[in-house]
Amino acid sequence: MWNVTVKGLLARKLRLALTALSIVLGVAFVSGTLVLTDTLHNTLSTLYGNIYQHINFEVQAPGVLNIPESILSKVRRVPGVADANGSVSGNAQYVAPDGRPIKTGIEPATGLSFDPNRRLSAFRLVEGRAPSTAQDVVMDQATAQKYRFAIGDRVRILLPGAPQTFTLTGIAKLVGAGRVPGATFAAFNLPTAQRLFGAVGQFYTIDILTEPGADQHAVRRAISRFLPPGLDVVTGQTVANQQTTSVDQSLSPLSTALLVFAFIALFVGGFTIFNTFSITVGQRTRELALLRIVGASRRQVFSSVLLEAVMVGLSASLIGLGLGVLAATGLEALLSGNGIGLPSGPLVFEFSTVLAALGVGVGVTVVSAFSPAWRAVRIPPVAAINAQAGEQETSSRRRILVGGICALVSILLLGVGLARPAIALVGLGAAGIFISLGMLAPTVSRPMASVIGRPLAGVLGISGRLGRENSMSSPRRTAQSAAALMVGLALVSAVAVLGASLAQAAT
979 MWNVTVKGLL ARKLRLALTA LSIVLGVAFV SGTLVLTDTL HNTLSTLYGN IYQHINFEVQ
1039 APGVLNIPES ILSKVRRVPG VADANGSVSG NAQYVAPDGR PIKTGIEPAT GLSFDPNRRL
1099 SAFRLVEGRA PSTAQDVVMD QATAQKYRFA IGDRVRILLP GAPQTFTLTG IAKLVGAGRV
1159 PGATFAAFNL PTAQRLFGAV GQFYTIDILT EPGADQHAVR RAISRFLPPG LDVVTGQTVA
1219 NQQTTSVDQS LSPLSTALLV FAFIALFVGG FTIFNTFSIT VGQRTRELAL LRIVGASRRQ
1279 VFSSVLLEAV MVGLSASLIG LGLGVLAATG LEALLSGNGI GLPSGPLVFE FSTVLAALGV
1339 GVGVTVVSAF SPAWRAVRIP PVAAINAQAG EQETSSRRRI LVGGICALVS ILLLGVGLAR
1399 PAIALVGLGA AGIFISLGML APTVSRPMAS VIGRPLAGVL GISGRLGREN SMSSPRRTAQ
1459 SAAALMVGLA LVSAVAVLGA SLAQAAT
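Letter by letter, the sequence shown follows residues 979 to 1485 of our numbering.
One thing to keep in mind: the hints can contain errors.
Straight-line Cα separation of at most 30 Å, DSS-like style, residue types lysine-lysine; simulated pairs [claimed, not checked]: (1) Lys1052 x Lys1081; (2) Lys1081 x Lys1151; (3) Lys1151 x Lys1124.
Here are the simulated distance ranges between beta carbons [as the list claims (entries may be wrong)]: (4) Asn1448 x Gln1278: 26 to 36 Å; (5) Trp1352 x Thr1213: 27 to 37 Å; (6) Leu1379 x Arg1078: 50 to 60 Å; (7) Ala1112 x Asp1076: 22 to 32 Å; (8) Asn1448 x Ile1271: 44 to 54 Å.
I should point out that these hints are in silico values taken from the structure, not numbers from a laboratory.
Every residue, glycine too, gets a C-beta built ideally from N, C-alpha and C.
Let the hints inform the model, and build the full structure from the sequences given.
Spelled out as structure tokens, the structure:
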């Protein structure tokens, strides 16, 4: 049966290659999204690790709590503490020279207090000086270069309450020359930052540097003893992990959206695979029946068709996996071109990406080919003599019943998902509606082909009549041929309507 399967594939190389193209595109999108996500996570972990590598501990105030300034003096007196400094932060969005607010990417526009202590500060001045008055601000290097700000410029900043104008006194970069994706930083002196962000006499965090050789556990326990309830002291690595997790969560909707489009491509590809294998099984009626006559069992015939699907899916998945690396680069360029700044770093290709890509590609192909394979084993040996004997149409009554139940359940899921709202139920309901439409399509394809084809028959003559009768002769084949196009056009229309609605809402 292995030789039969391989020869069967080689006999239909072009058709199966074109069919596999839809799986290639879907798998490339899936693997590209996973590669991009893993790359961003690795880059951010390295970036925040460099930023917080000089901090041994940090006192945090989870939730809405702030840290009284008196805590800082107590921390500095703890044996083993070399230095400590408090900081505050909030939202501060720059206004570009053309008067438009500078949009950020993943992270919000951040304002913070500038720490001149190089041992504790995450910033390094590359030009100018630190802020010393209430009118001074230090800008991140990336924003200054992109919008051509220079030392001495008057910079307008959108702040809580009302916009204010400051003098640019310095340009800084993060430790390690890293950059948080798409973020901007406006750094003020501590008293100004406390006033701007409503934390006069308070801190949001206190960064701590210990002396060389100090007992880290002892220092942490000593600090914890005098902290009031609600405050906590964590390691610098914990802070880096928290920051990475925060940006990962910000990236999660983006990754989800990309994966949704990838699975849409695979969903449409599944219809194409189903259609192709259904037609192939129909054309191989005599061949499969002859295999039964010469001794092949139902299991062998079933396995032969599914093996073809596995080979097609595996080949398409491997190609799609290779293209996924290019897709990740393309997605990064596309997002950056649309204003979503992403950090640069070497591509990360995890083994989990390989497993996911192969599993999705082969899985979609095999599931789509399962029904045609099942129909293949029902072809009786007599079909070798009578070609029409193998074309067993599913009962219209059963098709209408199953398709109708599927449609009702899908509509119910869609309605519940829209009412709650629950995006998972909406997606499941929408997919179910498409599947139910595919199941019910053969029941209406014959009358629709008759009505639509009648004018063509009058215009095209014999060719039109032959096309009309051919479409009416096999409702299932006609419906299968139209299913993938129907789903593809419906999804394209939905995306177009969504995009137009968002654009209209924005204006």
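Okay, the hints, checked on the actual structure:
1. Lys1052 x Lys1081: Outside the cut-off at roughly 40 Å; violated.
2. Lys1081 x Lys1151: Answer holds: lysine 1081 to lysine 1151 is near 19 Å, not above 30 Å.
3. Lys1151 x Lys1124: Holds: lysine 1151 and lysine 1124 sit about 14 Å apart, inside 30 Å.
4. Asn1448 x Gln1278: 26 to 36 Å: About 33 Å separates the Cβ atoms of asparagine 1448 and glutamine 1278, which means 26 to 36 Å holds.
5. Trp1352 x Thr1213: 27 to 37 Å: 58 Å, violated
6. Leu1379 x Arg1078: 50 to 60 Å: 59 Å, holds
7. Ala1112 x Asp1076: 22 to 32 Å: At 27 Å between Cβs, range holds.
8. Asn1448 x Ile1271: 44 to 54 Å: With a Cβ separation near 29 Å, asparagine 1448 and isoleucine 1271 fall outside 44 to 54 Å, so the hint is violated.
Of the numbered hints given earlier, the model fails hints 1, 5, 8; all others are met.
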